[in-house]
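Given these sequences and hints, build the entire structure.
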Amino acid sequence: MIEFRDVCKYYGDVVALDDVTLTVEQGEVVAVIGPSGSGKSTLLRCVNALETPSAGEVFLDGRLVDATHKDIDEIRTDVGMVFQHFHLFPHLTALRNVMLAPELKGRGDEDNARALLERVGVADKADVYPDMLSGGQKQRVAIARALAMDPRAMLFDEPTSALDPEMVGEVLGAMHDLAEEGMTMMIATHEMGFAREAAHRVVFMDEGKIVEVGTPDEIFDNAQRERTRAFLAKVL
Amino acid sequence: MGERTTRLLITVGLLGALVAALATSPYEWDFEPTWRYRKLYGNGLLKTLGATGIAFTVGLIVGVGVALARLSKQLWLRHIGDLYVELIRGTPFLVQIMIAYFGIAPLIGVDDKFLVGTFALGAFAAAYMGEIFRAGIESVERGQFEAARSLGMTSNQTLRHIVLPQAFKRMIPPLTGELIALTKESSLLFAIGVMEMMSAARQVGADTYRNFEALLVVAALYLSITIPLSLLARRLERKMGTASRTGVELL
Chain A
-11 MIEFRDVCKY
-1 YGDVVALDDV
9 TLTVEQGEVV
19 AVIGPSGSGK
29 STLLRCVNAL
39 ETPSAGEVFL
49 DGRLVDATHK
59 DIDEIRTDVG
69 MVFQHFHLFP
79 HLTALRNVML
89 APELKGRGDE
99 DNARALLERV
109 GVADKADVYP
119 DMLSGGQKQR
129 VAIARALAMD
139 PRAMLFDEPT
149 SALDPEMVGE
159 VLGAMHDLAE
169 EGMTMMIATH
179 EMGFAREAAH
189 RVVFMDEGKI
199 VEVGTPDEIF
209 DNAQRERTRA
219 FLAKVL
Chain B
1280 MGERTTRLLI
1290 TVGLLGALVA
1300 ALATSPYEWD
1310 FEPTWRYRKL
1320 YGNGLLKTLG
1330 ATGIAFTVGL
1340 IVGVGVALAR
1350 LSKQLWLRHI
1360 GDLYVELIRG
1370 TPFLVQIMIA
1380 YFGIAPLIGV
1390 DDKFLVGTFA
1400 LGAFAAAYMG
1410 EIFRAGIESV
1420 ERGQFEAARS
1430 LGMTSNQTLR
1440 HIVLPQAFKR
1450 MIPPLTGELI
1460 ALTKESSLLF
1470 AIGVMEMMSA
1480 ARQVGADTYR
1490 NFEALLVVAA
1500 LYLSITIPLS
1510 LLARRLERKM
1520 GTASRTGVEL
1530 L
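Each protein sequence line maps, in turn, to chains A and B. Residue -11 is where the first sequence starts when you use the numbering used here, and the numbers rise one by one after that. Residue 1280 is where the second sequence starts when you use the numbering used here, and the numbers rise one by one after that.
To be clear, the hints were calculated from the coordinates, so they are not data collected in a lab. Glycine included, C-beta positions come from ideal geometry on N, C-alpha and C. Please note that a few of the clues may not be correct.
Claimed, not checked - Below, in silico cross-link-like pairs of lysine to any residue (SDA-like), each with a Cα-Cα straight-line distance of 25 angstroms or less:
#: 1; chain 1: A; residue 1: Lys93; chain 2: B; residue 2: Glu1425
#: 2; chain 1: B; residue 1: Lys1352; chain 2: A; residue 2: Tyr117
#: 3; chain 1: B; residue 1: Lys1463; chain 2: B; residue 2: Leu1529
#: 4; chain 1: B; residue 1: Lys1518; chain 2: A; residue 2: Val116
#: 5; chain 1: B; residue 1: Lys1352; chain 2: A; residue 2: Ala55
#: 6; chain 1: A; residue 1: Lys58; chain 2: B; residue 2: Gly1526
#: 7; chain 1: A; residue 1: Lys113; chain 2: B; residue 2: Gln1445
#: 8; chain 1: A; residue 1: Lys113; chain 2: B; residue 2: Gln1423
#: 9; chain 1: B; residue 1: Lys1448; chain 2: A; residue 2: Arg95
#: 10; chain 1: B; residue 1: Lys1518; chain 2: A; residue 2: Thr81
#: 11; chain 1: B; residue 1: Lys1448; chain 2: A; residue 2: Ala114
#: 12; chain 1: A; residue 1: Lys58; chain 2: B; residue 2: Leu1350
#: 13; chain 1: B; residue 1: Lys1448; chain 2: A; residue 2: His73
As the list claims (entries may be wrong) - Listing some non-contacts, in silico: residues in chain A with all C-beta distances to chain B over 12 angstroms:
#: 14; residue: Met(-11)
#: 15; residue: Glu62
#: 16; residue: Asp66
#: 17; residue: Phe77
#: 18; residue: Arg84
#: 19; residue: Glu106
#: 20; residue: Asp145
#: 21; residue: Val199
#: 22; residue: Asp205
#: 23; residue: Phe208
#: 24; residue: Ala218
Have a look at this one:
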């Protein structure tokens, strides 16, 4: 369970998050939508302390997320993150990318790593270096890498935004499977079709605030707020 | 004609012209006395290589420390690192080595010229190599740190398994450059009386009154070390694709 309590984030005078309160239940898939710069990424990045809130708190399964606390590495293993630009380790093969972190925690398991690559459909690329992979393959390896720590929740930060259009499907497919297996997921995305289909709840953000939260049907067909409707009218 | 052939021809042509000019000058060349001192040169060469090698190793180790200090979260460490680099880079090595030998060495009761000179050279190298390490570490994209930390790797693990392997590749060409610079810089050990190549050349010149020959020989000896290193650096750079494409050809 991920819990945001009155989270604010400022960069100088710029307000990135403005008093955000939100709870994501275990097994829930939450899509976070909104214009660029609305705070979607910042919100996700507070969950694994890549950003530290200026005010308010984030809890993961009841534990306070605090970058300065010594349990932070432990907390981070419980949340997988997938980045817009993949950030695969270029000096390691796909398999090594997946295996390294578990290995450093003393639970390296090659069979498990291969099984994860299989699960996202890139088993045949195990021994290939990232620069020889397509964008879609890279992102699927990145998903396998994040899953290797056996996380309780996954964060997806615009996972398909840097992909060529023909590769979006394969990544969304892998995410879809994950959602059906009951993984807790927060997804910052511009893929409205995916949000509608795969998410249990949709969060619409604008200017650092949560404007509206609801089921996909409520948000996409029956938005209550004018700003939500204006945004959806532009992107749908 | 390939670029390599052209370059070779130009080199041979220029060298030939230089040799011809020197040979036909009124100066009467005599390398015989220099040849008699070959043993002195040989010993000097060994000392130069030894001092450079040891100083480079010291520089590597201390340099990593300097880089980590300058990148530290602790202000005091950062500041000490900054001060070190500023002090070393802000004064001539000639002054440093003299302070080390005539000032510090007697204080701590060390009398070995080679030892003092070599460690002074190492301390000098550390400031420059620290900067190479720092630039290398900083050249690694932020996303790499984020990906590693988000997987629960500690900062040490991130540095060791993710950042340094990528940074190290990019540091090899500048480190080779630093090795070349150190080879030449070691000639200043002559100022405190270490009998390396430069001292050898000075002594041969003084003994034989053949300064020109003695110095040309030592120049050739330095080049015989630095040119192969420089070729090696260029090869490594090409092999690792670090020689990035520039837009200069569009000028």
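| Regarding the assertion that Asp205 of chain A does not contact chain B, is the least Cβ-Cβ distance greater than 12 angstroms? | Given a closest Cβ separation of 33 angstroms, the condition holds.
| Straight-line Cα separation of Lys1518 of chain B and Thr81 of chain A no greater than 25 angstroms? | 19 angstroms, holds
| Non-interface claim for Glu62 of chain A: all C-beta distances to chain B beyond 12 angstroms? | Contrary to the label, Glu62 of chain A does not stay out of reach of chain B, its closest Cβ about 7 angstroms off (not over 12 angstroms).
| Checking the smallest CB distance to chain B, is Asp66 of chain A really beyond 12 angstroms? | Non-interface label on Asp66 of chain A violated, nearest chain B Cβ at 8 angstroms vs cutoff 12 angstroms.
| Is it correct that the beta-carbon of Met(-11) of chain A has no partner in chain B closer than or equal to 12 angstroms? | 19 angstroms, holds
| Hey, does Val199 of chain A actually stay past 12 angstroms from chain B on C-beta? | 28 angstroms, holds
| request: Starting from Lys58 of chain A, check that the Cα of Leu1350 of chain B is at most 25 angstroms away, please. | output: Judged against 25 angstroms, a Cα distance of about 20 angstroms means the pair holds.
| Within 25 angstroms, alpha carbon to alpha carbon, are Lys113 of chain A and Gln1423 of chain B? | Given pair Lys113 of chain A, Gln1423 of chain B holds - Cα atoms ~21 angstroms apart, limit 25 angstroms.
| message | Given the hinted pair Lys93 of chain A and Glu1425 of chain B, is their Cα-Cα distance within 25 angstroms? | response | 18 angstroms, holds
| message | Against the 25 angstroms threshold, does the CA-CA distance of Lys1518 of chain B and Val116 of chain A hold or violate the hint? | response | 19 angstroms, holds
| Does the claim that Glu106 of chain A lies outside the interface with chain B hold up, using a Cβ gap greater than 12 angstroms? | Per Cβ check, Glu106 of chain A is outside 12 angstroms of chain B; nearest 20 angstroms; holds.
| field | Nearest-CB test (12 angstroms) between chain B and Phe208 of chain A | value | For Phe208 of chain A, whose nearest Cβ neighbour in chain B is about 30 angstroms away, the distance exceeds 12 angstroms, so it holds.
When each numbered hint is compared with the structure, violations occur for hints 2, 3, 6, 9, 15, 16, 17, 18, 20.
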